[in-house]
Amino acid sequence: MLKDLLKETIWSLSANKVRSGLTILGIVIGIASVIALVAIGQGAQNSIEKNIEAIGSNLIMISPGAQRIGGINQGGGSAQSLTVEDAEAIKNEIENVKAVAPTVTKRSQITAKGNNTNTQVIGTTEDYLIVRNVAIDSGSFFSQQQMKGSAKVAVIGPTTRDDLFGAEIDPVGKIIRINKMDFTVIGMTITKGGSGFNNQDDVVYVPLTTAQHYLSGDEYVNSISVAASDQNSMTAVQEQISTLLLARHKISDPADADFSMMNQNDIIATATSITGTFTILLSSIAGISLLVGGIGIMNMMLTTVTERTREIGLRKAVGIRKLYINLQFLAEAVILTFLGGALGIVLGWIMSLLVTRFISSLTTSISLSSIFLAFGVSAGVGIVFGFYPARRAANLSPIEALRYE
Amino acid sequence: MIVCKNLTKTYINGDVTTNALANVSFSIEKGEFVSIIGPSGSGKSTLMHIIGALDTPTSGEYSLDGKEVSKLSDDELSDLRRDKIGFVFQSFNLLPRTTVLRNVMLPLLYTNTTKKEREERAEQSLQYAGMEKDKFMNLSNQLSGGQMQRVAIARALINNPAIILADEPTGNLDTKTSHLVMSALQELNKKGHTIILITHEMDVADYANRIIHIRDGMIEKDEINIPNDHKI
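These protein sequences, in sequence, are chains A and B. When the letters of the first sequence are read in order and numbered with my numbering, they come out as residues 1 to 405. When the letters of the second sequence are read in order and numbered with my numbering, they come out as residues 1001 to 1232.
Please keep in mind that the hints were generated in silico from the structure rather than gathered at the bench. Nothing here was measured: the structure is a model prediction, and the numbers come from that model. A virtual CB, placed ideally from N, CA and C, is assigned to each residue, including glycine. Some hints here could point you the wrong way.
The calculated label-pair distances, taken between Cβ atoms and stated as ranges, are [to be verified]:
hint, chain 1, residue 1, chain 2, residue 2, range
1, A, 396, B, 1001, 51 to 61 Å
2, A, 334, B, 1200, 39 to 49 Å
3, A, 396, B, 1113, 38 to 48 Å
4, B, 1067, A, 2, 48 to 58 Å
5, A, 391, B, 1174, 51 to 61 Å
6, B, 1141, A, 279, 48 to 58 Å
7, B, 1221, A, 380, 58 to 68 Å
8, A, 372, B, 1116, 40 to 50 Å
9, B, 1011, A, 368, 32 to 42 Å
10, A, 380, B, 1132, 17 to 27 Å
Here chain A stands alone, though its shape is the one from the complex:
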């Protein structure tokens, strides 16, 4: 009996290759589009999140205020008001501060073995690694010792390495010239991404003391980056820093502050709302394609079964029991949807891999839930609309079914 059922089902599907093929195609497209779409969306979301994380986490940036020379505003950041002592005070006196990195930044021409590049030289402390999520790829960052001794050592970014030495070359131990002084490269950072003005890989790090001695020539710093221990304490930390710095700089009116602060929370809030909107957008597109796919499957199943009402009538007339007719149509629907489902998953997978391959900035990520959802809905729709009309037809009297046009 079971053998008969299987044979009859497979024969019936293969005897109508075009019809079976079209039904499977409908299911394949429905499932593949949902999986690929969700994978692309997920990938985009991940890459946005990664880019934001690359800036640093729970970051508060303090920069000097505008300097006035003879009543002329020189613009924000031009004043020399922040010092290393300010940074140390923040680290020691304020709670929930994880790391504080004062920095001196200067653009310089850098040469090495005939190659040269113009890039950003950042003088900073070890805390910079924590504050800005920088990690070392090869070699090491400068030590406490090198920091104290204003050692002429440098850690370079991968883009700078490419410009000076060429790709795939380990720069550790090589010599570069900054401001006509030799620096020994002791490390290279891991690629962070970003491009143009925001290229965080095109950079040279030197110890803060070294930068002050040889590059800027004074004791001030260009900015202080503070990492709060968690997102919730950021506002409090920011307020405390403000109070502390005002007291240290002996300013009574906050409106006269000689520094300004920028908070990463604002960026994160914006980004979260962007990714949230993005998620809603993608889910609705996926939902719509699932709906369209489902309707396609439903149509296909309904037409084939309606088309076969006469066949059902004939089967009944020659004495095949209702149960077997129902089982056969159920088996056909199950086989079609599962075959289509499996192909759809594979195709969706391939589509997302192709997107990853050809759009390098977007690494798609296939979510298991989208596979289950797409497969579940298509299989459900396919089986219900493949089986239900067949059951209805099998319940008709054979004469009515045979007369059906």
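Using the hints, position chain B against chain A.
For chain B alone, coordinates are given in the frame of chain A:
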């Protein structure tokens, strides 16, 4: 073998009730070749559906081989159709794009028979119905009308049924093919099969040995017929 007593079939369509059959009683013995003739709307199709266990009467009794059919369940009716009745339809009703052999074996699905047994019986039945052996593996849609009806007859024969019910079997055939199909049915009758033919054409009805005239749901005339020598 077939005993019908006071068969009545009433269709209710909204407020209108139609008596397709009104108190029809007759019996058919084994080995008879009976034509049921009447114009469209006479109730002959309804009668055939009841005899073929495709439908049940509103009231009255119908017994086949001593078994009361009107009270059977859907599954019991299916089994009865499979074992006792062979159908030949006007529109052939073959499975499309399917081999001749497979079409004939259709009633044997889900029965306890081996593949070999089924094929043997199908081949036998096809030869019996006058089908050439080289056509057995042809697809049903590659056949002519006459060939299709022979395949349908072979399918009707495969379970060696008590009766063969032919519903306008020549309705879609030309005169010459009609004659061939009717002669084939006559042959089967001579071999002992009970045949009931439904038609509205006197020419076709004339192949039978008994003709039941039906009109407005009632039997008008039930007569013995001596078939003419049909030659075309």
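Index of numbered hints that the structure contradicts, given in increasing order: Structure breaks hints 1, 3, 4, 5, 9 and 10.
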